[in-house]
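> Sequence:
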Amino acid sequence: MRRMEMIRDYSQKKFINEVDYLVCVDADMKFMDEVGVEILSDVFGTLHRAFYGASRTQFPNERRKASAAYIPPDEGDFYYSGSIFGGTVEGVYKLTNFCHHEMMTDKKNNIEAIWHDESYLNKYFLYHKPTKVLSAEYHWENYPGVGTIIKKKRFVLIRKNDTAIRNK
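Counting from 1 along the sequence shown, just add 215 to a position and that's the residue number in my numbering.
Don't read these hints as lab results, they were simulated from the structure. A couple of the hints might just be wrong.
Said to hold, decoys possible - Mimicking DSS-like on lysine-lysine, the simulated pairs with C-alpha atoms at most 30 Å apart in a straight line are: (1) LYS347 x LYS366; (2) LYS280 x LYS323; (3) LYS228 x LYS344.
Stated by the list, open to error - What follows is a set of in silico ranges between Cβ atoms, one per label pair, in the way DEER data are often shown: (4) ARG279 x GLU249: 38 to 44 Å; (5) THR272 x ILE373: 40 to 46 Å; (6) GLY251 x ALA281: 39 to 45 Å; (7) LYS347 x ILE231: 16 to 22 Å; (8) ASP248 x LYS323: 24 to 30 Å; (9) LYS366 x LYS280: 14 to 20 Å; (10) ILE373 x LYS344: 25 to 31 Å; (11) PHE246 x GLU290: 29 to 35 Å; (12) VAL250 x ARG374: 35 to 41 Å; (13) ALA265 x MET221: 22 to 28 Å; (14) HIS316 x ARG278: 34 to 40 Å; (15) ALA269 x ALA242: 23 to 29 Å.
Beta carbons: idealized from backbone N, C-alpha and C, even for Gly.
Build out the structure end to end from the sequences listed, making use of the hints.
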């Protein structure tokens, strides 16, 4: 839950003087194909593989009105993955600053959004549209029952036991 704060802080203290773009990727992702400058823009978001082509009523957005991450059921174009996002240092700073601020607002009210930082990222993209949207080929998961809708899988999620991790 603190990665948005860390990315925000490093963006202003370190990255702003060193790079033009930041690409933020979860540690449990594996490169499976080429990824290049085609992903770069002011701010990019990536479609979540599990909700690729789903209707907004199926998106797992935060539905509790008390949460700063709340998204009404009739809003939202896509459901974005928190596993890969990025853009210019300034663009990523704005995104992560918003997410961190909203998380701290919820924390003061003893609320934790349903999908943690991904819920806040989706709220940000609802009102601050990404300048580029990456398809689910940049966030895929190979497991039984998943169709072959995506032919080129650039980043693939490595399977882990989520239940065991979350119950520690």
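> Now tell me, hint by hint, if it's right for this structure.
Structure-based check of all given hints:
1. LYS347 x LYS366: 20 Å, holds
2. LYS280 x LYS323: At roughly 15 Å apart (the allowed maximum being 30 Å), LYS323 and LYS280 satisfy the hint.
3. LYS228 x LYS344: 26 Å, holds
4. ARG279 x GLU249: 38 to 44 Å: 40 Å, holds
5. THR272 x ILE373: 40 to 46 Å: 30 Å, violated
6. GLY251 x ALA281: 39 to 45 Å: For GLY251 and ALA281 the Cβ distance comes to about 42 Å; the hint holds.
7. LYS347 x ILE231: 16 to 22 Å: 21 Å, holds
8. ASP248 x LYS323: 24 to 30 Å: 43 Å, violated
9. LYS366 x LYS280: 14 to 20 Å: Distance hint for LYS366, LYS280 is violated at roughly 40 Å.
10. ILE373 x LYS344: 25 to 31 Å: 30 Å, holds
11. PHE246 x GLU290: 29 to 35 Å: 34 Å, holds
12. VAL250 x ARG374: 35 to 41 Å: Given about 20 Å between the Cβ atoms, the range is violated.
13. ALA265 x MET221: 22 to 28 Å: 26 Å, holds
14. HIS316 x ARG278: 34 to 40 Å: 21 Å, violated
15. ALA269 x ALA242: 23 to 29 Å: With a Cβ separation near 26 Å, ALA269 and ALA242 satisfy 23 to 29 Å, so the hint holds.
When the structure is compared with the earlier hints, violations turn up for hints 5, 8, 9, 12 and 14 and for no others.
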